[in-house]
Amino acid sequence: MIRIAVMSGKGGTGKTTAVASMAWYSDGLVLADCDVDAANLALTMSGRLRTKNDYQGAYTAFIDPELCSECGKCEDNCHFGAIADLKVSAIHCEGCGACKVVCPAGAVSMSLRRSGEIFVMDTARGPMAYAELFPGESNSGKLVTIVRRLADDIAESDGLDVVLIDGPPGTGCPAIASVTGADLILAITEPSRSGEHDLLRLIELAHHFSIPICVAVNKWDLHPGMTREIEESCRRQGVMVVGRVPYDPCVMEAIKAMRPLPSMFPRSPAALEFHRIWNQLRSRSKERKGSGLSMKLD
Amino acid sequence: MILAVASGKGGTGKTSVACALALALDRPLTFLDCDVEGANAHLFLRPEIRSREEVLVPYPNIDHSKCDVCGRCVEECHFGAMVRLGKKVKVMQNLCHGCGVCRLVCPRKAISMSGRPVGTVHQGTAGLMRFFCGELRTGEALSVPIIKSIKRENDDTVIIDCPPGTSCPAVESVEGSDFALLVTEPTPFGVHDLRGMIAVCRRLEVPCGVVINRSFGEDQDVESLCTTEGVPILLRIPFDRKVAEVYAKGGTLLEAMPDLVEPLRDMYLEIRGLRR
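Chains as they are written, first to last, in our numbering: chain A, 45 to 342; chain B, -10 to 265.
Quick caveat, the hints were computed from the structure, so don't treat them as lab data.
Some clues are possibly wrong.
Computed list of lysine-lysine pairs in DSS-like fashion (alpha-carbon distance at most 27 Å, straight line) [stated by the list, open to error]:
| hint | chain 1 | residue 1 | chain 2 | residue 2 |
| --- | --- | --- | --- | --- |
| 1 | B | 140 | A | 131 |
| 2 | A | 117 | A | 144 |
| 3 | A | 144 | B | 77 |
| 4 | A | 144 | B | 98 |
Away from chain B, derived, C-beta distances all over 12 Å, residues of chain A [said to hold, decoys possible]:
| hint | residue |
| --- | --- |
| 5 | 46 |
| 6 | 71 |
| 7 | 95 |
| 8 | 97 |
| 9 | 108 |
| 10 | 111 |
| 11 | 115 |
| 12 | 151 |
| 13 | 166 |
| 14 | 193 |
| 15 | 197 |
| 16 | 276 |
| 17 | 311 |
Pair ranges (Cβ atoms, derived) [unchecked claim]:
| hint | chain 1 | residue 1 | chain 2 | residue 2 | range |
| --- | --- | --- | --- | --- | --- |
| 18 | A | 70 | B | 261 | 48 to 54 Å |
| 19 | A | 154 | B | 39 | 40 to 46 Å |
| 20 | B | 77 | A | 95 | 38 to 44 Å |
All C-beta atoms, glycine included, are put in the ideal place defined by N, C-alpha and C.
Please construct the entire structure, taking both the sequences and the accompanying hints into account.
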């Protein structure tokens, strides 16, 4: 099984458009939307819901006022500032249980709360696992790990050999959970200082975890000079640039129509480039699997 | 006033709007870049960085001469960060939240907590502004302690550039603000993620208003969401390819659209009337 994670560092560079387009050119894969804070792939890939389950990821402490002796030990030992006036703030409680451990009166109990939903949908190109974390909830990394595992299980049971991951922005907890165990990262960037800055952070992350990474510059012609600078930065880091996707008004049309770009505009310049990138990734990741070669350039 | 500039979706223009507003106000204020996983405001405001401070989170040290591998810490850790490997207990660095439960439950007092660096806060000045920006260390998962550390700064006027998303880092950044300015783009993705962010503001009891960025003048979906939710639309920034070109090289929104200065100032005055 090959797992490819589409990441970016910076948000809004075109991850979801890339994933939906590349999936369209595939003859069967499993999709995993790991941006559980802002899950948008399901808005593009329509299909039939297969399963829906609750995510109970977060423990919250509860202090029983009947039993509480008001000693304040819970407040003193809470590292997250979640207890004030002997009341627990659900939004700050990380569910560590320190308050329960130190309470001499046995007044604290821990309970799981429903903090999101996990879905499996059958799309035209294969099954897709995704999740929605309820607004303001924590433990998104854990939920990403669940979505990843679910996608792997489906790939196994449905006999599919590619898992394509739509990752979250950033380089923290959910981003790390999205790339852990991936065979290859495709970074989608844009020709801007911000895009470059966050791409370099993502490349560092990939190197830190020894995951091969390659780059595609989206909307490259919005600033050809900046695109060349980014490509040069990549070269210095030994990272391969696998494509340049042109700015294409069809992309916005497809997003507004909530459909994968190639399903509406199969001959559009951006769609053709995503097709080319996908073919390259497939052959390279197969090669890598076969020979143990990384995608780093010499 | 503490003003948080946020959005559920990434790449909608939070940093552009936050920087443009800070520059348009043209007066002493404090700018906090809380997007510690991908801080970009410094690329536009170009502050002179004067000092750096490491952010430490508590981290368990196990004294193996005292530990008898009873496994209490392994059982009690809610994050799966303590694992028994043969005849030793090991801490999984990336899973540890620094809560200290392991130390509390250890019957042999074999665990002590020390500080582990997870990132840095950079401090400087840009024109009349005091500037703070957080940076998460590569490979570290915990953004929240860094955000908490930046948010200790206070001033009469504070502008916070928040991270994307609707979970812990975004919550921590928006919390306690007097107003949240939600930057969105008029697409189904933008609308979907804006809905989540409005819900976060409700939960935190922070009043909010919307900026529609890259508007093509067809913003019905955002408008109807805002009407349903009772959230005002405070500003529309039209789509202009020139903005992308100026932005690409680290130019600010104001350089591409100098006419925005007045609307941004007016918006700020309007927010003063809407704040908590």
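A quick look at each hint next to the structure:
| no. | hint | result |
| --- | --- | --- |
| 1 | 140/B to 131/A | holds (23 Å) |
| 2 | 117/A to 144/A | holds (10 Å) |
| 3 | 144/A to 77/B | holds (26 Å) |
| 4 | 144/A to 98/B | holds (18 Å) |
| 5 | 46 | holds (24 Å) |
| 6 | 71 | holds (27 Å) |
| 7 | 95 | holds (21 Å) |
| 8 | 97 | holds (19 Å) |
| 9 | 108 | holds (20 Å) |
| 10 | 111 | holds (19 Å) |
| 11 | 115 | holds (15 Å) |
| 12 | 151 | holds (16 Å) |
| 13 | 166 | holds (21 Å) |
| 14 | 193 | holds (14 Å) |
| 15 | 197 | holds (20 Å) |
| 16 | 276 | holds (15 Å) |
| 17 | 311 | holds (23 Å) |
| 18 | 70/A to 261/B: 48 to 54 Å | holds (52 Å) |
| 19 | 154/A to 39/B: 40 to 46 Å | holds (44 Å) |
| 20 | 77/B to 95/A: 38 to 44 Å | holds (40 Å) |
The structure meets every hint from the earlier list without exception.
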